[in-house]
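Chains A and B supply the protein sequences, listed in that same order. Under my numbering, read the first sequence as residues 1 to 121, first letter to last. Under my numbering, read the second sequence as residues 1001 to 1107, first letter to last.
Just so you know, not all the hints are guaranteed correct.
The list that follows gives simulated cross-link-like pairs (lysine to aspartate or glutamate, EDC-like), each with its CA atoms no further than 20 Å apart [stated by the list, open to error]:
#1 Lys1103(B) / Glu46(A)
#2 Lys1042(B) / Glu10(A)
#3 Lys1107(B) / Glu1039(B)
#4 Lys1042(B) / Glu46(A)
#5 Lys1045(B) / Glu46(A)
Pulled a few chain A residues facing chain B out of the computed Cβ check, cut under 10 Å [as the list claims (entries may be wrong)]:
#6 Met48
#7 Trp50
#8 Asn63
#9 Ala100
#10 Trp111
Just so you know, these hints were derived from the structure itself, not from any lab. Everything numeric in this text was worked out from a predicted model, so none of it was measured. From the three backbone atoms N, C-alpha and C, an ideal C-beta is built for every residue, glycine too.
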Amino acid sequence: QVQLVQSGAEAKKPGASVRVSCKASGYTFTTFGLSWVRQAPGQGLEWMGWISAYNGDTKDAQNFQDRVTMTTDTSTSTAYMELRSLRSDDTAVYYCARDAIAARPGWFDAWGQGTLVTVSS
Amino acid sequence: DIQMTQSPSTLSASVGDRVTITCRASQSISGWLAWYQQEPGKAPKLLIYDASSLASGVPSRFSGSGSGTELTLTISSLQPDDFATYYCQQYNSYPWTFGQGTKVEIK
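Same shape as in the complex, but just chain A (with noise of 0.2 Å):
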């Protein structure tokens, strides 16, 4: 079945980076591209960016444009997500999903168990 396991819990101070990972299995890596999405406590969906785990071709939300990060590593199945320069608002879980159709970005079949990030000094 389709799994997708992330990394654990972060903590960091502003200013720093983190790097969320997404460990895929039960399917064929770079045949369905990949979302990262974040939800802030007691808040809603926020999406951040999407890869394809083909050729890691990206799209960014506005939002995160300059400090977001995404790659992957085909020989791990493997997605990453780096976010820089955090502030405190980016105290999140940050959820990997996966594309329910391969070659056609939308919705979500499958989610990452969620990695929490807690930003403060």
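Use these hints to put chain B onto chain A, whose structure you have.
What follows is chain B alone, placed relative to chain A:
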């Protein structure tokens, strides 16, 4: 960016009730909309895609309808497992955007 506005924000209902949640888009999204259910402390779960297609394994009491700027999620007979928060998500154009969520509470 396309703004997605859900209503109501909170909904109190009883087991067996018919429940409808509306998602309004700031511009037409055709039928490029998904609905998710999220329980506390868990990742979202896909319910509906392409506005009205039921995701695999999702009970038939869930249905979606609408197109353009007004789309709805209906639960025909609310069950105990359905008390959760529901989000719509548009994928008509980047950036993908979500509604702010609708919490379905026990009345």
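Closest C-beta approach of Asn63(A) to chain B relative to 10 Å, hint status: 8 Å, holds
Interface restraint verdict for Met48(A) against chain B (beta-carbon cut-off 10 Å): Check passed: Cβ of Met48(A) comes within 9 Å of chain B, closer than 10 Å.
Agreement of Lys1045(B) and Glu46(A) with the hint, judged by alpha carbon distance not exceeding 20 Å: 15 Å, holds
Hint validity - Trp111(A) Cβ closer than 10 Å to any chain B Cβ: Hint on Trp111(A): holds, closest Cβ of chain B at ~4 Å, below 10 Å.
Minimum beta-carbon distance criterion (10 Å), Ala100(A) to chain B: This interface hint holds because 6 Å falls under the 10 Å limit.
Restraint outcome when Trp50(A) is required to lie within 10 Å of chain B by C-beta distance: 8 Å, holds
Pairwise hint evaluation, Glu1039(B) against Lys1107(B), where the allowed Cα distance is 20 Å at most: Between Lys1107(B) and Glu1039(B) the Cα gap is close to 17 Å, so the pair holds against 20 Å.
Hint consistency between Lys1042(B) and Glu10(A) [alpha-carbon to alpha-carbon, up to 20 Å]: 18 Å, holds
Agreement of Lys1103(B) and Glu46(A) with the hint, judged by alpha carbon distance not exceeding 20 Å: Holds. Lys1103(B) to Glu46(A) sits at ~17 Å (cutoff 20 Å).
Straight-line alpha-carbon gap Lys1042(B) to Glu46(A), limit 20 Å: 15 Å, holds
Going down the numbered hints, you'll see the structure goes against none, and every one checks out.
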